[in-house]
Amino acid sequence: MRSLLPTTAITALLLGGCLAPMPQPIAPLNSRLEALGANRDPALAGRWLALISGRGGREQVLLLDLERQQPVALPGLNRADAQPVSVSVDAAGERIALVRQLDGRTELVLYRRSVQSLQPIPMAPSGVARQVQLQADGRQLAVQVSRGGLWQVDLVQIP
Amino acid sequence: MFNDSSRQEPALSGQGRFLASVVDRGGKATLLLQEQPSGRIVPLRHFQNHQPHSSPSLSWNGRYVAALVQQGNQRMALIEDRASGNLHRLPLPADRTAVRLSLSPEARQLAVQVAQGGQWRVQLFDLRSLLEPDLPGGIAIQGGGAAPSP
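Those protein sequence lines, which keep their order, are chains G and Y. Every letter in the first sequence is one number past the one before it in our numbering, and letter 99, counting from 1, is 99. In our numbering, each residue's number is its place in the second sequence (first place is 1) plus 159.
Since the hints were derived computationally from the structure, they do not count as laboratory data. Do not take every clue at face value.
What the hints assert, rightly or not - Stretch-level coverage of chain Y by chain G, calculated; a stretch enters the list once three of its residues show a Cβ under 8 Å from a Cβ in chain G:
| id | region |
| --- | --- |
| 1 | 266-274 |
| 2 | 279-289 |
Said to hold, decoys possible - Which residues of chain G face chain Y? A few of them, derived with a C-beta cut under 7 Å, are:
| id | residue |
| --- | --- |
| 3 | Asn30 |
| 4 | Leu33 |
| 5 | Ala35 |
| 6 | Ala43 |
| 7 | Gln133 |
| 8 | Gln140 |
| 9 | Ala142 |
| 10 | Leu150 |
Given the structure is predicted, the values throughout are model-derived calculations rather than measurements. We put the beta carbon where it would ideally sit given N, CA and C, even for glycine.
Model the full structure from these sequences, guided by the hints.
Encoded structure:
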């Protein structure tokens, strides 16, 4: 007796059993990001996505709450005369580490969202910060620093 | 042996137990994973080739290591599961070039910065059907990971 299952269905079943699951684009959030314009330097932690977003030729740091699919306010962090370079957030969404250029200088700063404070983090020995990553518990950051023509990595404990 | 006089793109695991960075190895930008604070090098199964590597990212306990690699003429995101030894690939449409990525510490999402039509874009991918979560308080994976499951 011939099988009632068409050959194509059998092939599909066999293939389906062999194919690994693929990462799926998160359509609603991607549409939200698309609407913000050009975006770069994403950093995920917990329910938060920090990134650098440009609109009208000016870039600023954005912090998106992925559960509410909305940006949250960051009073005192963005400045019209500053160029953000690299950003990172902790899993609580409390601390944001930022490398930015301001008045011809490059600085590393730490922003605490609950108190809206901005604290400079000095490079010792001196160097030019380029890229920063805050570990998810917010207690330490790693920063790529240019010193004497070499790229180095500093680990900085955060009190 | 790697040349650690130039080290770039640092990424710490959730509590700082592991540090990933990109170093020069025989003229190729190569992902290096180290335990902290000892600096002990942790072997990776799937990041021996396909240089240049860039933009490493780690989950909370260092179970998952994600980075961009070169495959043919395309940049591709790879995620190595150090617990199972498995490798997960994230192919992107041909009109997009992956530039940077960020793996969420819990391994629930992956953010990829792509260049598309002369503009930077960030796209999010859901990993929950692909990866077990790696949550705070989990156990750090010690060695180079188990052999890949069939």
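Comparing the hints with the structure gives:
no.: 1; hint: 266-274; result: holds (count 5)
no.: 2; hint: 279-289; result: holds (count 10)
no.: 3; hint: Asn30; result: holds, 5 Å
no.: 4; hint: Leu33; result: holds, 5 Å
no.: 5; hint: Ala35; result: violated, 11 Å
no.: 6; hint: Ala43; result: holds, 5 Å
no.: 7; hint: Gln133; result: holds, 5 Å
no.: 8; hint: Gln140; result: holds, 5 Å
no.: 9; hint: Ala142; result: holds, 4 Å
no.: 10; hint: Leu150; result: holds, 5 Å
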